[in-house]
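2 protein chains.
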Amino acid sequence: MFTRLLRNVPPFRRIVGVRSYLKSSPAGYSVTETPEAEPSAPVVVTTVPGPKSLALKQELDPIQNTDAIQFFVDYKKSYGNYIADVDGNFLLDLYTQIASVPIGYNHPRMTQVLKDPDNLSTFVNRPALGIFPPSDFVQTLADSLLSVAPPGMRQVITMGCGACSIENGMKAAFMAYRRNERGGKPPSKEELDSCLINQAPGCPDLSVLSFKNAFHGRTMGALALTHTKWNQKLDCPSPDWPIASFPQLKYPLQDFVSENSTEEKRCLAQVEDLIAQYRKKGKPVACVITEPLQCEGGDNFASPQFFQGLQDICKKNSIYLLIDEVQTGAGATGKFWLHEHFNLREPPDIVTFSKKMMLGGLYFRDHMRPTEGYRIMNTWLGDPSKVVMLREVINVIKEDSLLQRTADTGAYLLQVLEEAQKKNPSLLSKARGIGAIAAVDFPDGPTRDKALAKMRELGVHLGTCGTATLRLRPTLTLEKKHVDIFADRFNQVIKQLS
Amino acid sequence: MFTRLLRNVPPFRRIVGVRSYLKSSPAGYSVTETPEAEPSAPVVVTTVPGPKSLALKQELDPIQNTDAIQFFVDYKKSYGNYIADVDGNFLLDLYTQIASVPIGYNHPRMTQVLKDPDNLSTFVNRPALGIFPPSDFVQTLADSLLSVAPPGMRQVITMGCGACSIENGMKAAFMAYRRNERGGKPPSKEELDSCLINQAPGCPDLSVLSFKNAFHGRTMGALALTHTKWNQKLDCPSPDWPIASFPQLKYPLQDFVSENSTEEKRCLAQVEDLIAQYRKKGKPVACVITEPLQCEGGDNFASPQFFQGLQDICKKNSIYLLIDEVQTGAGATGKFWLHEHFNLREPPDIVTFSKKMMLGGLYFRDHMRPTEGYRIMNTWLGDPSKVVMLREVINVIKEDSLLQRTADTGAYLLQVLEEAQKKNPSLLSKARGIGAIAAVDFPDGPTRDKALAKMRELGVHLGTCGTATLRLRPTLTLEKKHVDIFADRFNQVIKQLS
Chain A
1 MFTRLLRNVP PFRRIVGVRS YLKSSPAGYS VTETPEAEPS APVVVTTVPG PKSLALKQEL
61 DPIQNTDAIQ FFVDYKKSYG NYIADVDGNF LLDLYTQIAS VPIGYNHPRM TQVLKDPDNL
121 STFVNRPALG IFPPSDFVQT LADSLLSVAP PGMRQVITMG CGACSIENGM KAAFMAYRRN
181 ERGGKPPSKE ELDSCLINQA PGCPDLSVLS FKNAFHGRTM GALALTHTKW NQKLDCPSPD
241 WPIASFPQLK YPLQDFVSEN STEEKRCLAQ VEDLIAQYRK KGKPVACVIT EPLQCEGGDN
301 FASPQFFQGL QDICKKNSIY LLIDEVQTGA GATGKFWLHE HFNLREPPDI VTFSKKMMLG
361 GLYFRDHMRP TEGYRIMNTW LGDPSKVVML REVINVIKED SLLQRTADTG AYLLQVLEEA
421 QKKNPSLLSK ARGIGAIAAV DFPDGPTRDK ALAKMRELGV HLGTCGTATL RLRPTLTLEK
481 KHVDIFADRF NQVIKQLS
Chain B
1 MFTRLLRNVP PFRRIVGVRS YLKSSPAGYS VTETPEAEPS APVVVTTVPG PKSLALKQEL
61 DPIQNTDAIQ FFVDYKKSYG NYIADVDGNF LLDLYTQIAS VPIGYNHPRM TQVLKDPDNL
121 STFVNRPALG IFPPSDFVQT LADSLLSVAP PGMRQVITMG CGACSIENGM KAAFMAYRRN
181 ERGGKPPSKE ELDSCLINQA PGCPDLSVLS FKNAFHGRTM GALALTHTKW NQKLDCPSPD
241 WPIASFPQLK YPLQDFVSEN STEEKRCLAQ VEDLIAQYRK KGKPVACVIT EPLQCEGGDN
301 FASPQFFQGL QDICKKNSIY LLIDEVQTGA GATGKFWLHE HFNLREPPDI VTFSKKMMLG
361 GLYFRDHMRP TEGYRIMNTW LGDPSKVVML REVINVIKED SLLQRTADTG AYLLQVLEEA
421 QKKNPSLLSK ARGIGAIAAV DFPDGPTRDK ALAKMRELGV HLGTCGTATL RLRPTLTLEK
481 KHVDIFADRF NQVIKQLS
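Chains A and B supply the protein sequences, listed in that same order.
Under the working numbering, the first residue of the first sequence carries the number 1, and numbering increases by one thereafter.
Under the working numbering, the first residue of the second sequence carries the number 1, and numbering increases by one thereafter.
Treat the hints with care, as some may be off.
All copies of an identical chain are treated as equivalent in the list; a pair is satisfied when it fits inside any one copy or across any two copies.
[What the hints assert, rightly or not] Below, simulated DMTMM-like cross-link-like pairs (lysine to aspartate or glutamate); rule was C-alpha separation at most 20 Å, straight line: (1) K283 to D205; (2) K283 to D273; (3) K281 to D240; (4) K450 to D255; (5) K454 to E190; (6) K281 to D205; (7) K283 to D240; (8) K495 to E272; (9) K57 to D366; (10) K495 to D240; (11) K398 to D193; (12) K316 to E272; (13) K450 to D366; (14) K450 to E191; (15) K229 to D67; (16) K250 to D116.
None of these hints come from the bench; they were simulated from the model.
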């Protein structure tokens, strides 16, 4: 099996691929520390996971459940768009730590951030950011998060992860909703007292409307909005909050314009219905939350008109719209935020981020800003060292024009999927994507999983989502040459499967 | 006012304090980068916050609510037990970023971790840890988290922060509880389907019992267990879960042995009552959560017997005991975990950590281990770079015998509080503490706040908790000389106030 795998990689490339890690780096690190170039093609010398990964998994198993582990990674040897595993394989990585690597592994500019003595104390001393912020915090925020804020938004709070961003986005919505209801009056003594024991009126029975197949995280509040897989939710109590259908579009889009428009209207009508229903039920909706593209749920797109309609419904009902860009932001789509493609009449009320942004957080509009201290707070409130890293990611994105490149490379990638689909309509469907986000469906989960395994044998690492979708989430530094490698391997695999 | 403040600092110390930052460091960083020693005493040259802090706060204010900000910090100049603000003040820090700095600012060993080329890729490349762990992960865990695991616990999962640790601790409890109820049978199709839409039986109506005045975090699940201040909870919907009284002990303890024992029994009886009540109500308790010492709620101690009783109740009812050591762990009490002082009959089922541990996470016993993959999961699952930092913190704790030192210094500190209290019984009460945790009560909040402000004027930075408690949370590297400085300033302030 190994020799068969190796036959798929031209020997020259195999050698170059390995050799590039044997040169010494100008930075003075030994070769194993930081490679200075990608291999020119994937190098596959064992199955993945290979024997070393399997041995490490066995070692880890007494400490924690390891069922989700795919393979162990040599992060020192990984570089750019290539992930190196502990068995000596170098895979072209189009999944990138569940879409959380913005500009590739060991990017020299990121390495430099770590080596810069000026950043040392930021990495060594983690502050309670909301109470004792560092001297350069305002400037660092201005140079990073504010420089890429969604149009019309200028308030931002950092968080440790995506789930915490969602949790606090919801809280900001609940607070703004009740502030509105109070009409400028301070909270009553009854509210202040009852909230301490989880009772109304201090803890009112408000709800958040989410969509079927949505994924927003796994803490209790975020999990109440997540509706993808049982292993995320089973056994956990969850509030009775409204869940609307998300449009299930038919592809190719141009052949189903009217059907898809009808489908989106059906979903919007359901949103309005549920808002009315839950108001009657005594659980009024304070906030509608949506991904601008359902990722984990199956890379489900909806049209700009759908999101415009959703915003209209929110405005009409005086409730808030939270767009969760945890997986779709940071330039993945050719614009910095996916919702910028929607031509919304006004900015969303809250936008959450994490993953490729290096840390979590939320942008919000001025009217969502908490009016008292300590309302949106925790000890760390994110981590300034991650903001410093984000600043450099943004610098690289700007200097290397990675938004444009991602749009171009993404279009090229989508073309590959569309052509493969055209040739294999019984195997592939719904090729879709935008920028560094791309997906295609297989007839069923097992066939999709087989394709993924075969792609890995050929040195290309991919992800899945939904029930039968192949999920591609490359970095913003993906180039056409990488797409060509993907295309070559993908066409081989599809041929084998058809 | 400034000259008066300066008069409190002997001129020699003032100069030494400042001069120590003017020497060049052997590591080759310029003087402003990393100081190499603490000042010999606090240096106070302005009020705190000073004009530069106030200006920065004003600059930050358009971006986020800044009401909670106390002052802006120069983390480059902070060192050891001294925090430097942007106005040139050096305060003896006995609050340490809400108890989250284990061995002081810019500890040379931590600086070395950052400069070690071997760690570079760990800081640059953040993995999806549960799926693609780094090659050295098992070894790093063994050298860090497992080497200080609470006795009897060998399972550990890392998380990004304290709240996420609590959220996932609860989830582990819910899952174990239902696994138990299923008696080895797999979940039914009805459970698998209903959980996706937040409905029973897949999302059962289970509850977690917490205590009045507890603090466990601010995400929806953790917030449901938090009962300290309105600004943390107001306007946020929260499940109806049982809340028991936490013992309110009378001090000095030796004078109220019988009263306190009665009080603890009353609270335990209430726990049993609530468990029965909520079972009848159809919201059975799956888990009891408690801090081993209520921190945010007012540094409320209870006896080992109380916690033993609590564990007995949990065992009797086949539910789980989660001890939340987010603020009390990492050696703060002379043992690595506070609950090690309790002589529990068996280990707790789950122990959560964060803050001084550099990242969040949970230890749990084998029977709490999820039996399927992806059950306790998120994209980052903490951050291996923080584990590498923790490993060095633990090395320093072991090499410098900081547990013993913390016990000794803590006893000395407590003595200072007790003596001051003896001399000023109308002003001070309930002096209490263990290791790097110490507290004393004032007659009311405003008097406590006045004392805190006066201490800051004299160069000592402290925290508060509860309604009238002064909260001390120094590092583990606190020495008697620091306690002497605290004592000197504290006695001055108490004299002024009495």
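Hint check results:
1. Within a single copy, K283 and D205 get their C-alpha atoms as close as 5 Å, and across copies as close as 18 Å, so both meet the 20 Å cut-off.
2. For a Cα distance limit of 20 Å, the shortest separation of K283 from D273 inside one copy, 14 Å, qualifies, whereas the shortest one across copies, 30 Å, does not.
3. Proximity of K281 and D240 under a CA criterion of 20 Å is satisfied in both settings, with 11 Å inside one chain copy and 17 Å between copies.
4. When the C-alpha separation of K450 and D255 is checked against a cutoff of 20 Å, the pair qualifies neither within a copy, at 30 Å, nor between copies, at 73 Å.
5. In this assembly of identical chains, the alpha carbons of K454 and E190 never lie at most 20 Å apart, being 62 Å within a copy and 34 Å across copies at closest.
6. In this homomeric assembly, K281 and D205 come within 20 Å of each other (Cα to Cα) both inside a single copy, at 10 Å, and across copies, at 19 Å.
7. With identical chains, the CA atoms of K283 and D240 are at most 20 Å apart both within one copy (9 Å) and between copies (15 Å).
8. Taking the shortest Cα distances, K495 and E272 never come within 20 Å of each other, neither inside one copy (46 Å) nor across copies (65 Å).
9. Within a single copy, K57 and D366 get their C-alpha atoms only as close as 48 Å, which misses the 20 Å cut-off; across copies the closest is 18 Å, which meets it.
10. Neither within a single protomer nor between protomers do K495 and D240 lie at most 20 Å apart by alpha-carbon distance, with minima of 47 Å and 57 Å respectively.
11. For the identical chains of this complex, K398 and D193 are neighbours neither inside a copy (50 Å) nor across copies (45 Å), given an alpha-carbon limit of 20 Å.
12. For the homomeric pair K316 and E272, the shortest alpha-carbon distance inside one copy (10 Å) is at most 20 Å, but the shortest distance between copies (48 Å) is not.
13. For the identical chains of this complex, K450 and D366 are neighbours neither inside a copy (49 Å) nor across copies (34 Å), given an alpha-carbon limit of 20 Å.
14. Proximity of K450 to E191 under the C-alpha cut-off of 20 Å is found in neither arrangement, the shortest distances being 56 Å within a copy and 28 Å between copies.
15. Taking CA atoms no more than 20 Å apart as the test, K229 paired with D67 passes inside one copy only; the shortest distance there is 16 Å, against 40 Å between copies.
16. Taking the shortest Cα distances, K250 and D116 never come within 20 Å of each other, neither inside one copy (51 Å) nor across copies (53 Å).
Hints 4, 5, 8, 10, 11, 13, 14 and 16 from the list above are not met by this structure, while the remaining hints are.
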